[in-house]
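So in my numbering, spot 24 of the sequence shown is number 17, and the numbers just go up one at a time.
Hints listed in this document are in silico derivations from the structure and should not be mistaken for laboratory results.
Any given hint might turn out to be false.
Said to hold, decoys possible - In the DSSO-like style, the derived pairs of lysine-lysine whose C-alpha atoms are separated by at most 30 angstroms in a straight line are:
| id | residue 1 | residue 2 |
| --- | --- | --- |
| 1 | LYS11 | LYS47 |
| 2 | LYS37 | LYS11 |
| 3 | LYS44 | LYS11 |
| 4 | LYS11 | LYS63 |
| 5 | LYS63 | LYS44 |
| 6 | LYS63 | LYS37 |
To be verified - Simulated restraints, written as ranges between beta carbons of each label pair:
| id | residue 1 | residue 2 | range |
| --- | --- | --- | --- |
| 7 | VAL50 | PRO4 | 18 to 24 angstroms |
| 8 | GLY(-4) | LEU49 | 29 to 35 angstroms |
| 9 | PHE83 | THR46 | 18 to 24 angstroms |
| 10 | GLN54 | ASP86 | 30 to 36 angstroms |
| 11 | GLU25 | THR84 | 25 to 31 angstroms |
Glycine residues also receive a C-beta, built at the ideal position from the N, C-alpha and C atoms.
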Amino acid sequence: MAGSDAVIGSPDLGIPQKYRLGQGVIELMSPEEQTLTNATVVVKNGQTYMKFTKPLVEPNQTSVTAGVNKMLWAYGSSRTIGYHAARSPFTLDLASSESLDDQISVFVPVD
């Protein structure tokens, strides 16, 4: 989505990295802005899993708040970055008493 920040990962690229999304443009953020930790992409039984830890507030990036956050998941049709095969917006309420696992399980696509 243009005007957004993204974390993109692919088994071929190695660790997930942060990008800025423009109209038809994907720009890798600078090395100083690559603040993800514990970032991995693994393939198990034909499914790709991406995990990472990201600071909630960073300069010149979209902040994640303690309340309701609008987010988007997407995945591609191949192992290289391209247009997504499927995508959907979702909200994640970090102030909710509902566990993150319960919130996340609602939007993760399962084949």
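Checked hints:
no., hint, result
1, LYS11 x LYS47, "holds, 10 angstroms"
2, LYS37 x LYS11, "holds, 23 angstroms"
3, LYS44 x LYS11, "holds, 13 angstroms"
4, LYS11 x LYS63, "holds, 17 angstroms"
5, LYS63 x LYS44, "holds, 19 angstroms"
6, LYS63 x LYS37, "holds, 29 angstroms"
7, VAL50 x PRO4: 18 to 24 angstroms, "violated, 30 angstroms"
8, GLY(-4) x LEU49: 29 to 35 angstroms, "violated, 19 angstroms"
9, PHE83 x THR46: 18 to 24 angstroms, "holds, 19 angstroms"
10, GLN54 x ASP86: 30 to 36 angstroms, "violated, 20 angstroms"
11, GLU25 x THR84: 25 to 31 angstroms, "holds, 30 angstroms"
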